[in-house]
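4 protein chains.
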Amino acid sequence: MLKLDFHPSGRHFLQIPGPSPVPDRILRAMSLPTIDHRGPEFGALGLEVLRKIREVFKTQQPVVIYPASGTGAWEAALVNTLSPGDRVLMFETGHFATLWEKMARRLGLEPEFLSLQGYEGWRHGVQADMIERRLREDSGHTIKAVCVVHNETSTGVTSNIAAVRRAIDEARHPALLLVDTISGLACADYQHDGWGVDVTISGSQKGLMLPPGISFNAVSDKAVEASRRAQLPKSFWAWDEILELNKSGYWPYTPNTNLLYGLNEALDMLLEEGLEQVFARHQRWAAGVRAAVECWGLEVQCQDPSVYSPVLTGVVMPEGIDADAVRSLIYKRFDLSLGTGLGKAKGKMFRIGHLGDCNDLTLIATLGGCEAGLKLSGAKLQGSGVLAALDYFAAHPLAAAS
Amino acid sequence: MLKLDFHPSGRHFLQIPGPSPVPDRILRAMSLPTIDHRGPEFGALGLEVLRKIREVFKTQQPVVIYPASGTGAWEAALVNTLSPGDRVLMFETGHFATLWEKMARRLGLEPEFLSLQGYEGWRHGVQADMIERRLREDSGHTIKAVCVVHNETSTGVTSNIAAVRRAIDEARHPALLLVDTISGLACADYQHDGWGVDVTISGSQKGLMLPPGISFNAVSDKAVEASRRAQLPKSFWAWDEILELNKSGYWPYTPNTNLLYGLNEALDMLLEEGLEQVFARHQRWAAGVRAAVECWGLEVQCQDPSVYSPVLTGVVMPEGIDADAVRSLIYKRFDLSLGTGLGKAKGKMFRIGHLGDCNDLTLIATLGGCEAGLKLSGAKLQGSGVLAALDYFAAHPLAAAS
Amino acid sequence: MLKLDFHPSGRHFLQIPGPSPVPDRILRAMSLPTIDHRGPEFGALGLEVLRKIREVFKTQQPVVIYPASGTGAWEAALVNTLSPGDRVLMFETGHFATLWEKMARRLGLEPEFLSLQGYEGWRHGVQADMIERRLREDSGHTIKAVCVVHNETSTGVTSNIAAVRRAIDEARHPALLLVDTISGLACADYQHDGWGVDVTISGSQKGLMLPPGISFNAVSDKAVEASRRAQLPKSFWAWDEILELNKSGYWPYTPNTNLLYGLNEALDMLLEEGLEQVFARHQRWAAGVRAAVECWGLEVQCQDPSVYSPVLTGVVMPEGIDADAVRSLIYKRFDLSLGTGLGKAKGKMFRIGHLGDCNDLTLIATLGGCEAGLKLSGAKLQGSGVLAALDYFAAHPLAAAS
Amino acid sequence: MLKLDFHPSGRHFLQIPGPSPVPDRILRAMSLPTIDHRGPEFGALGLEVLRKIREVFKTQQPVVIYPASGTGAWEAALVNTLSPGDRVLMFETGHFATLWEKMARRLGLEPEFLSLQGYEGWRHGVQADMIERRLREDSGHTIKAVCVVHNETSTGVTSNIAAVRRAIDEARHPALLLVDTISGLACADYQHDGWGVDVTISGSQKGLMLPPGISFNAVSDKAVEASRRAQLPKSFWAWDEILELNKSGYWPYTPNTNLLYGLNEALDMLLEEGLEQVFARHQRWAAGVRAAVECWGLEVQCQDPSVYSPVLTGVVMPEGIDADAVRSLIYKRFDLSLGTGLGKAKGKMFRIGHLGDCNDLTLIATLGGCEAGLKLSGAKLQGSGVLAALDYFAAHPLAAAS
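Residue numbers (UniProt numbering), protein chains in the order written: chain X, 1 to 402; chain D, 1 to 402; chain V, 1 to 402; chain S, 1 to 402.
Simulated from the structure, these hints should not be mistaken for laboratory data. Everything numeric in this text was worked out from a predicted model, so none of it was measured. Misleading hints may appear alongside valid ones.
All copies of an identical chain are treated as equivalent in the list; a pair is satisfied when it fits inside any one copy or across any two copies.
For lysine to any residue, the following SDA-like pairs were computed, each having C-alpha atoms within a straight-line distance of at most 25 angstroms [what the hints assert, rightly or not]: (1) K247 x P40; (2) K344 x P252; (3) K247 x E41; (4) K380 x D391; (5) K332 x E276; (6) K375 x E294; (7) K380 x D129; (8) K375 x A388; (9) K380 x L47; (10) K348 x V307; (11) K332 x G10; (12) K348 x R87; (13) K247 x H95; (14) K332 x E272; (15) K52 x G196; (16) K52 x L245; (17) K102 x A226; (18) K380 x Y392; (19) K102 x S83; (20) K380 x S328; (21) K332 x P397; (22) K247 x S220; (23) K58 x A280; (24) K222 x E319; (25) K346 x R38; (26) K58 x V224; (27) K346 x A325; (28) K348 x G10.
Please work from the sequences and hints to get the whole structure.
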């Protein structure tokens with residue numbers, strides 16, 4: 001029999017950019033007994049989470065909750081709004097944008113994939129001007145949707161979605177705007193309504209601090225309208241029946257009851273703290289971690305300071321150091337998990353997540369593990385990043401919520 | 001803030017035919033900390049559950065695990081094996097067969113829906129001879145798949161899948177056999193390999209005793225072969241990448257980590273007890289519950305004793321008694337949830353689940369609540385079903401596992 | 001390695017008169033992380049539980065909380081108020097009264113043990129007139145305390161404490177009144193102030209629905225006064241330092257942090273429901289269980305209907321039936337634990353607890369197990385107690401709290 | 001209603017020298033349902049923990065487990081072995097030795113309290129030669145017991161118990177040897193049999209990693225013999241009935257069931273890892289923490305390197321810095337609890353616990369919080385202790401258990 005509880009003394013430090021460490025308060029909520037998903041209590045729960053989740057997406061419009069992990073919500077956004085052969089404009093911000101493009105292709109769409117050049121291209125965010133230019137060329141409006149990733153989990157770059165919206169508007173193009181904020185939601189500011197997004201995709205296992213297994217589509221009227229004409233086959237992901245049944249707090253099929261308990265608890269935690277305070281907390285952590293990276297004399301993966309991610313930081317290795325070898329050593333010696341470099345970034349960098357059930361000292365521990373691991377791996381560091389972060393945190397107390 | 005923990009004193013009796021009551025042992029396993037789904041521990045967990053789950057499906061072939069609820073696995077079975085416009089032969093055993101047929105239609109397939117007549121038709125299982133007859137007529141082999149439900153959760157009828165297999169073989173028809181045993185698996189005997197099933201669909205929240213959120217496709221070589229040519233768009237549900245990555249215990253996207261912990265525990269519980277013992281346990285409970293229904297002078301929904309379900313029992317109301325009014329009264333007075341009549345059975349019957357974290361006395365309590373609720377609702381009962389069941393259980397001790 | 005989680009399918013029915021089944025809500029509270037017992041959060045917790053626990057004892061006076069099980073609180077009551085050789089008047093209501101008397105003797109006191117005759121004596125409560133008579137004889141006031149058990153857990157008799165108070169007052173005797181309500185508190189009405197009790201002893205694992213490990217002394221001014229002169233050695237149990245530190249919510253030594261979390265939750269549950277509602281709930285359950293016993297044609301251990309216990313019911317076996325053999329059979333066949341007959345009642349009766357995390361159907365299940373077990377053991381029953389209880393519960397809905 | 005779960009994001013760092021952080025594995029074990037303490041399962045559990053706990057005390061003799069916190073076990077050791085007016089020789093190693101001496105006085109014993117001078121005296125361990133000298137003077141053998149603290153939790157000094165044993169033997173004195181290892185057990189090596197201890201006192205909330213609420217007396221034949229003649233009143237603490245009932249795995253009164261579940265789990269964890277490995281782990285942590293203190297240019301409370309505690313480290317403040325002000329700042333800014341200076345050490349030092357559910361990075365985080373807090377409080381530090389500890393841990397990997 002497999003022994004799951006096999007860590008040595010102490011808590012494992014799970015500092016990957018999601019799944020994030022789940023607060024005990026949420027684990028406790030998830031252990032409530034499963035109830036009848038057609039009974040009166042369930043309807044009350046359903047209405048409550050559907051109401052509160054809208055606040056987190058900053059929308060007055062419906063948010064569809066799927067009993068499926070985040071990748072499913074990508075598919076849902078596409079199949080609800082598009083038809084076979086539809087052209088979609090996507091932007092290569094990193095590995096996850098690439099996977100989404102691959103999915104669009106598999107589903108029979110025709111993605112155009114804008115990108116900057118090579119690995120360096122992955123160190124910047126969405127270039128709204130490139131999108132605008134391409135849309136202006138598309139006078140026949142063959143492009144049906146623009147698909148971008150808000151917080152690229154593989155790089156630590158948080159793109160400017162408002163700028164993408166402006167680009168579409170400036171080009172006077174009717175394409176839908178589909179945005180993946182799977183890892184951005186509830187860490188970085190996000191405004192579904194304010195930024196005029198048509199479908200926002202997100203998941204449970206990042207800023208919402210839940211285990212994986214729930215995902216979301218926040219929708220606009222225009223997206224719902226499009227879903228009535230879209231021809232890609234859809235059933236499990238179809239919005240229509242879900243939106244109808246959600247009016248009374250139910251779902252057309254068995255929802256993910258215990259994860260909904262957890263979601264309810266997570267929403268209470270976030271809304272009690274206040275979203276702006278939550279964002280400030282993550283921004284501050286990110287600044288502390290970048291102070292460490294800079295002090296080590298290493299580069300942050302993201303090269304545009306205006307779009308540094310508050311959720312994770314990619315740390316580029318010095319010449320001759322393999323990021324995965326460092327990660328493996330750190331895992332074994334310090335019981336700390338870091339995110340691997342994905343796709344074009346493989347071996348070149350590792351990722352530090354600063355989301356979920358964290359605090360200043362969790363990150364000091366994390367940076368300590370990184371620093372020791374880098375040194376043991378032979379990296380020449382210019383200074384002590386742990387101390388830099390510690391000084392940063394000491395000098396910048398988190399302002400209390402107003 | 002919504003208070004989820006709002007039951008009065010004592011445990012709620014959740015005796016619907018799924019989601020079933022989750023054993024504390026599984027809830028505890030699910031509360032283990034979420035780990036890195038790309039780390040070494042996860043691979044070990046993945047291989048372990050993928051190995052053990054095959055034993056429960058009685059198969060040597062792969063079982064695909066989706067981080068999505070059971071309805072998704074229905075869709076997965078169809079989109080992996082079929083192409084737009086494909087004809088599929090389905091059988092109307094009840095509400096869930098009807099929903100699956102509706103899904104097939106939405107996805108652009110052309111289902112033919114065999115059925116017996118009206119509500120009474122829902123009181124019998126799949127008629128293999130009707131299937132055989134239809135397949136013999138289909139000399140051009142336009143029918144690409146036969147889709148049947150093993151344990152119809154809306155009626156309490158467990159169809160004979162081996163007979164369906166024989167029907168296909170007798171007709172010398174190449175159609176794939178797709179079987180939904182969402183509520184049958186790990187309660188009623190099921191043999192994916194032995195019965196020559198091509199795709200078996202199941203879910204977590206019934207015999208596996210987990211909360212909803214995980215679902216399964218057990219596949220045959222023939223099904224995998226078909227998936228290479230099938231033209232329905234698929235990405236999230238696509239078997240190919242999952243099967244490839246599963247070889248090392250991983251998934252192409254974020255799996256449902258904490259539910260996999262629960263699954264691992266559930267599999268240990270089932271395999272430690274022994275599957276045949278598990279089946280005997282459910283058969284015995286079902287017999288006790290039917291003894292109660294008979295003693296009340298009421299009818300069991302299923303009218304063919306050879307296919308009584310070991311998972312749930314549908315109780316048909318006497319004339320003039322509305323099943324949902326009885327259920328509601330029982331819920332309020334006795335903190336007991338029963339399954340509602342669905343579709344054609346609406347109001348005519350309620351369903352007693354005897355699965356999940358149950359024992360003899362749980363069922364005595366359940367039958368007590370039913371008996372009192374029926375009497376308070378004005379039903380004239382011929383005798384005491386509680387006593388009949390108690391006598392049955394006393395007279396038929398469960399033989400120890402060999 | 002011992003496997004603790006070794007029950008077969010379903011929840012064990014723990015229907016002994018304590019430790020009672022612990023609600024999951026309390027188990028969840030107990031799993032909160034242990035905190036610094038000298039830190040600011042702890043003080044807030046301490047003040048909160050010390051305030052709320054007084055409501056449950058119906059007192060304005062302090063309640064001392066010990067990180068020790070109930071037997072320790074017996075000792076605490078004695079050593080704080082008495083001196084070596086002091087005479088105390090006790091009453092033999094059953095096994096626990098007998099154990100307390102034995103403890104008094106071990107500690108160097110001189111107990112006088114009033115009792116009715118033999119086993120039959122254990123079927124009645126405290127006889128206040130006997131106490132009054134004895135106190136009147138004690139013109140020299142050599143008796144320093146009267147010690148009685150409120151709810152005798154070994155018999156299911158709840159004595160009239162107000163009558164004992166009146167007896168002492170009528171006799172114009174200065175003896176202290178010490179009352180054990182370990183199993184009565186939070187099930188049966190209890191009034192520390194209203195009944196003029198000097199020291200009330202209680203524990204966590206009965207009506208408070210916690211695991212064992214915490215116990216209580218509610219004290220009067222007179223008792224505190226006595227503690228200043230009492231000469232029995234005391235340190236761990238000494239009230240003085242505890243009362244002093246409790247003023248700020250702390251304890252002189254390490255308190256039982258996680259059980260205090262559970263206590264806080266239990267108090268919230270009880271006070272939200274309302275104590276009178278809690279008492280009514282237990283009285284109703286007891287009436288239902290007695291209806292079952294009567295219908296079986298068996299005797300309730302308690303022979304004075306004015307002092308039937310709302311907490312537990314002793315069921316006297318018919319001639320020739322050994323209670324422990326019945327209990328053992330029921331345990332093995334129905335996964336149900338009942339209380340054994342203790343002391344003089346050994347083998348003659350078993351005890352059904354109706355306290356803790358229970359509801360009507362829990363008790364129907366319990367009575368079902370008893371009925372089947374009695375029949376399998378050869379007892380001739382006159383009727384079906386399960387049905388009698390079911391009819392009782394159906395006919396007597398619990399009035400909603402006002 | 002008090003909200004217990006009120007920490008901000010992330011786990012609180014509980015680095016006091018006990019109660020120690022409880023591993024989730026133990027919390028999960030403690031949430032198993034409470035069982036009948038007179039039933040067959042309980043007996044099996046009782047025998048199992050009684051067997052395994054002896055391994056941790058390194059004894060073949062019985063270990064008495066009390067459902068009471070550690071202070072109770074101090075009292076138990078005294079009342080079981082001594083008589084009113086008995087002279088006992090104690091040694092002032094710190095605050096807890098002082099409290100024990102006070103307890104002895106309250107219980108009517110006559111303690112003699114050996115000590116070194118003033119606050120500086122608290123920076124050394126038990127001076128065995130002083131004990132030997134005093135015992136040699138006691139030619140009439142009026143001293144009945146020598147009472148010392150193995151690991152003084154208030155100072156971080158671990159005394160040499162074998163030396164005390166030798167002192168008694170050299171003096172050819174028959175006094176019993178009573179040793180408090182409440183905070184030493186399962187962190188520092190301890191040998192009840194090997195060191196010839198008569199009564200060893202311990203508790204649950206330190207090296208055993210449990211919440212408070214259970215405590216221990218390991219006894220020798222000589223101690224049991226003494227208990228038959230000892231005249232201090234005893235009942236709850238009396239060994240005789242407990243030892244008798246323990247033979248079959250039961251207790252004479254209600255034991256602390258759920259904490260025993262936790263104890264069983266803790267013992268499995270410790271024995272699986274191996275005690276020597278456990279000790280090495282704590283020694284290594286202590287060395288890392290001392291490296292930090294030294295690098296800061298501060299003093300460790302303990303001034304004798306041969307008796308540095310592996311459990312906790314006292315950090316002496318520089319002139320003009322109040323330790324409690326630093327602690328309070330660290331608590332508020334970094335969500336980290338440190339131990340206060342007690343008694344003579346009040347304000348002069350704080351204590352860092354390195355026990356319970358810890359690992360290297362937990363301690364790096366802790367030292368980070370200390371370093372930042374000291375600097376924010378105006379302390380002039382000579383170097384970075386965090387880096388010193390990090391270097392120490394990196395350079396000294398924990399050898400795998402053989």
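ask   = Broken hints, numbered, in rising order?
value = Structure breaks hints 7, 9, 12, 24 and 28.
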